[in-house]
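Please put together the full structure from these sequences, using the hints given.
Protein sequence lines, in the order shown, are assigned to chains A and B. With the numbering used here as the guide, the letters of the first sequence map in order to residues 1 to 255. With the numbering used here as the guide, the letters of the second sequence map in order to residues 256 to 644.
Any given hint could be a false lead.
Unchecked claim - Interface residues of chain B toward chain A, partial, derived using beta-carbon atoms under 10 Å:
#1 His264
#2 Leu266
#3 Ala267
#4 Leu270
#5 Arg545
#6 Gly548
#7 Lys551
#8 Asp557
#9 Ile559
#10 Arg635
#11 Leu640
What the hints contain is simulated information worked out from the structure, not anything from laboratory work. Cβ coordinates follow ideal geometry from the N, Cα and C atoms, glycine included.
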Amino acid sequence: MSAAALNRDANRDADPGAPAALVRVEGVRRVYRRAGEGLVVLDGLDLEMERGGFFALMGPSGSGKTTLLNLIGGLDRPDGGEIYVDGEALSGLSDGELAAWRADTVGFIFQGFNLMPVLTAQQNVELPLLLTNLSRRERREHARHALSLVGLADRAKHRPRQLSGGQEQRVAIARALVSDPLLILADEPTGDLDRVSADQVLGLLSRLSKEFGKTILMVTHDPRAAEAAGSVVNLDKGRLRGIERRARTPVREPG
Amino acid sequence: MPWSLLWRHLLARPLRSLLTLGSLSIAFFLVCFLRSVVGALEAGVEAASQTRLIVQSAVSLFVNLPTSYQSKIEGAVGVASSCKLQWFGGYYQDPSNFFAQFAVDADRLLDIYPEIRLVDGDEPSFLRRRDACLIGADLATSFGWSVGDSIPIIGGLYTRVDGTPWQFYVAGTYRSTSPNVDGRTLWFHYEYLEQSLETGAAEGPQGAGVFVLSLDRGTDPTLVMGAIDGMFENGPQRVQTTTESEFQRQFVSMLGSVPTLLGSIGGGVLFAILLATLNTMLMAGRERTRSMGILKALGFKDRILFGLLIGESLVLCLLGGLAGVGVALATSKPLAGFFDGFGITGYGIDLGTAAFGLALAIAVGLFAGFAPAWTAARLRVVTALGAEH
Chain A
1 MSAAALNRDA
11 NRDADPGAPA
21 ALVRVEGVRR
31 VYRRAGEGLV
41 VLDGLDLEME
51 RGGFFALMGP
61 SGSGKTTLLN
71 LIGGLDRPDG
81 GEIYVDGEAL
91 SGLSDGELAA
101 WRADTVGFIF
111 QGFNLMPVLT
121 AQQNVELPLL
131 LTNLSRRERR
141 EHARHALSLV
151 GLADRAKHRP
161 RQLSGGQEQR
171 VAIARALVSD
181 PLLILADEPT
191 GDLDRVSADQ
201 VLGLLSRLSK
211 EFGKTILMVT
221 HDPRAAEAAG
231 SVVNLDKGRL
241 RGIERRARTP
251 VREPG
Chain B
256 MPWSLLWRHL
266 LARPLRSLLT
276 LGSLSIAFFL
286 VCFLRSVVGA
296 LEAGVEAASQ
306 TRLIVQSAVS
316 LFVNLPTSYQ
326 SKIEGAVGVA
336 SSCKLQWFGG
346 YYQDPSNFFA
356 QFAVDADRLL
366 DIYPEIRLVD
376 GDEPSFLRRR
386 DACLIGADLA
396 TSFGWSVGDS
406 IPIIGGLYTR
416 VDGTPWQFYV
426 AGTYRSTSPN
436 VDGRTLWFHY
446 EYLEQSLETG
456 AAEGPQGAGV
466 FVLSLDRGTD
476 PTLVMGAIDG
486 MFENGPQRVQ
496 TTTESEFQRQ
506 FVSMLGSVPT
516 LLGSIGGGVL
526 FAILLATLNT
536 MLMAGRERTR
546 SMGILKALGF
556 KDRILFGLLI
566 GESLVLCLLG
576 GLAGVGVALA
586 TSKPLAGFFD
596 GFGITGYGID
606 LGTAAFGLAL
616 AIAVGLFAGF
626 APAWTAARLR
636 VVTALGAEH
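Dropping the structure here:
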C-alpha cells in the first residue's frame, strides 16, 4: 500500500460522476425486540456525510450512535429506510455481497481493539488482505507499510497481549486502512486509552482524513476527541439533533 | 481460505489440542485393532476347508476319543485319509512363551494339510525320528530355533514323570498358505506321545482329541458325516462329525460372543471419542465467537468461517486418525505374533482397515465440526463482536 493508493478518495472527489455525499442515510429506523417489546433505537434518521470529512458522532448513552455506525458499516440491517454508501444502496445487497462490500469499502476501529489474539500485529494487519488477490509477499509489504504509518514497524512480530492498549489500537488503525477503504468507522477508539495514547490515535485519524482524504465517522463520548473532527453529529433518542461544523483543532501527537 | 488461521487456532491451546489428539489416536488405534481381531477370528472360519471333516466327541471337545475309532472311521465310504490331532498344551521355558503344539500322525500330516509348505528341512527327516517335529518359520525366528536343534518343551497337559521337559528335534520349518492353518504351531509324532504314556514315562489323557479326515474327490461331505456319526450311535462314545469350517465356527463361538463384544467395545470407543471431540469443538467455537465476529466485520463470508471451524475439526481428527492408524500398522507384526500364540491367525492391519480408520476419522471430524461451524456461520456480527473473549 502506497501513499498514492491511500489517496483514492481524494481522486474520487475529482470524479465529476461520483455522488457528492459518500454516505446518505434516509429515514433509517432500527427497532430492537426485547422481551416481546420493541425498543426504537433509531427513529427515521436522515444524515449525509461528504467525502473526506471527519465526523464525530456524539450523544448520550442509548441515543443510537453505535447502532447507526453498525448500520452504515453493513454490520447490521435497518428495519426501515435506506443507507447509500458511494451510491450503493446497502439493502439491495445479500449477506455475502454485504460481506464483500465491507471488505472493499469499510475499515473498522473498535473500542476494544478487536485484534485476533493468536496473530501477530503484522498478521492482524494482513487479515483484510487475505480476501484480495495480492500475493503473500505483497500482503506483507502492505501490512508493513501500514504499520509504519502508525509508527509500529518495530512491533510487527508482537502479539496483541505484548502490546499496550494504545499500540493495540494503532495496530487496529493499520488494519482498518491497509485495504485502502473509502470509509473508516471508529467506535469509541479512544475509550479504553489514556490521554497520551488517545491523542496518538486521534492524531492518526486526523492525518488519515486530511492527508489521505479518508471519510471517517467516529463515535465518541469525549468532547476532546470530538474536537479532532471537522463535524460533530449529535444524536438523541434515535433522532438527529444537529450537525455542528467546526474548524478542526489540531491534535498534538506525542512523541 | 485463511489456512494459517486454522493452524494458529489449533495451536492457540496446545495442551488441549494435544490431549484431544492423544484421545483420538488411541480411539482410532483401538477401532483398527478391534476390527482386525474380529477379522482374524472370522478369517479362520472363512478360510477353513469345506471338504475336510473333523470328528470329535459328541459330549465335548475336551473329551478324547479312543484311537481305535480311527480305523473304523477310515472304513467309511468317501474317506481318503485320517489324522489324529491331540492338543499338547506345553510351553518353552516360561508359560508366557506359549504356542500351539499338536501330536499328529506324522506320515499323514502333510497329505491332510497341503497348506503346510516346508521351507527348511524335509519330510523324510521328520518321519525318520520319533521325537522329530515341524515348526512354523515365524516361531523358529521368534525363539532362534533352526533345523537340527533339540528344543525342550515343558508339558502342560502331558507331564513327564521325571519332571524333565519333553525334547523335540526340529526336522523342518514351514509356512502356512492359508489362515485356517496356524503358522506358529509345533507338530510332532503322536506315536512319541503314545509310547511315553504306555511306558509310564509320562502322564496325561489317553486317546485323540479329534480326527481330521480328507475326502475322496467328489464325495458329498454330508453323507460321510451322517455315516460316521451313525457308526458310533450306540458305541461307548458318540461322535460328532462336522466340516472344518463348522468346527472353526464352533471354536470361535466357544469364545462366547467375543466378536460381538469386541465390536461393541469398538462402537463404544468411537461414540465416546465422537462426544469428546464434539465437546472440544463446541468449546473452541464458543471461545472464538468474538474472533468470528471480527472476521465477519472485516468481510470474511459465512462459508469461509464455516470452513475454518469444520476444517479445524477435520484436521484434528485426521491427525488423530493418522497417528492411530500409524500405530496400528506399526504394531501389526508383533501383535500378530502375540495372537498366533493363542491360535488366532491372520491378525493384521490391511489397507481396508487403515482406510476404514481414516474414513471414520473424517466422519468424526465432519460430525464434530458441523454444529460449531454452523453456529459460527449463522452468528450476527454485532452479537459476535459483543461476546467476551
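Cross-check of the supplied hints:
Because the smallest distance between the Cβ of His264(B) and any Cβ of chain A comes to about 6 Å, under 10 Å, the interface hint for this residue holds. With a cut of 10 Å, the hint placing Leu266(B) at the interface with chain A holds, because the nearest CB-to-CB distance is about 8 Å. Interface hint at Ala267(B): satisfied, since its Cβ lies 5 Å from the closest Cβ of chain A, which is below the 10 Å cut-off. Here the hint on Leu270(B) is broken, as its CB sits about 15 Å from the closest CB of chain A, past 10 Å.
At a threshold of 10 Å, the smallest CB-CB gap from Arg545(B) to chain A is about 7 Å, leaving the interface hint in force. The restraint placing Gly548(B) at the interface with chain A holds, with a minimum CB-CB distance near 8 Å, inside the 10 Å limit. Taking 10 Å as the C-beta contact cut-off toward chain A, the hint placing Lys551(B) at the interface holds, the least distance being around 7 Å. Contact between Asp557(B) and chain A, as hinted, is supported at the beta carbon level, the nearest pair being about 7 Å apart and thus within 10 Å.
Hint status for Ile559(B): holds, given a least beta-carbon distance of 9 Å to chain A, under 10 Å. With 10 Å as the threshold, the beta carbon of Arg635(B) comes within range of chain A, its nearest partner Cβ sitting at about 8 Å, so the hint holds. At about 7 Å, the closest approach between the beta carbon of Leu640(B) and any beta carbon in chain A falls short of 10 Å, and the interface hint on this residue holds.
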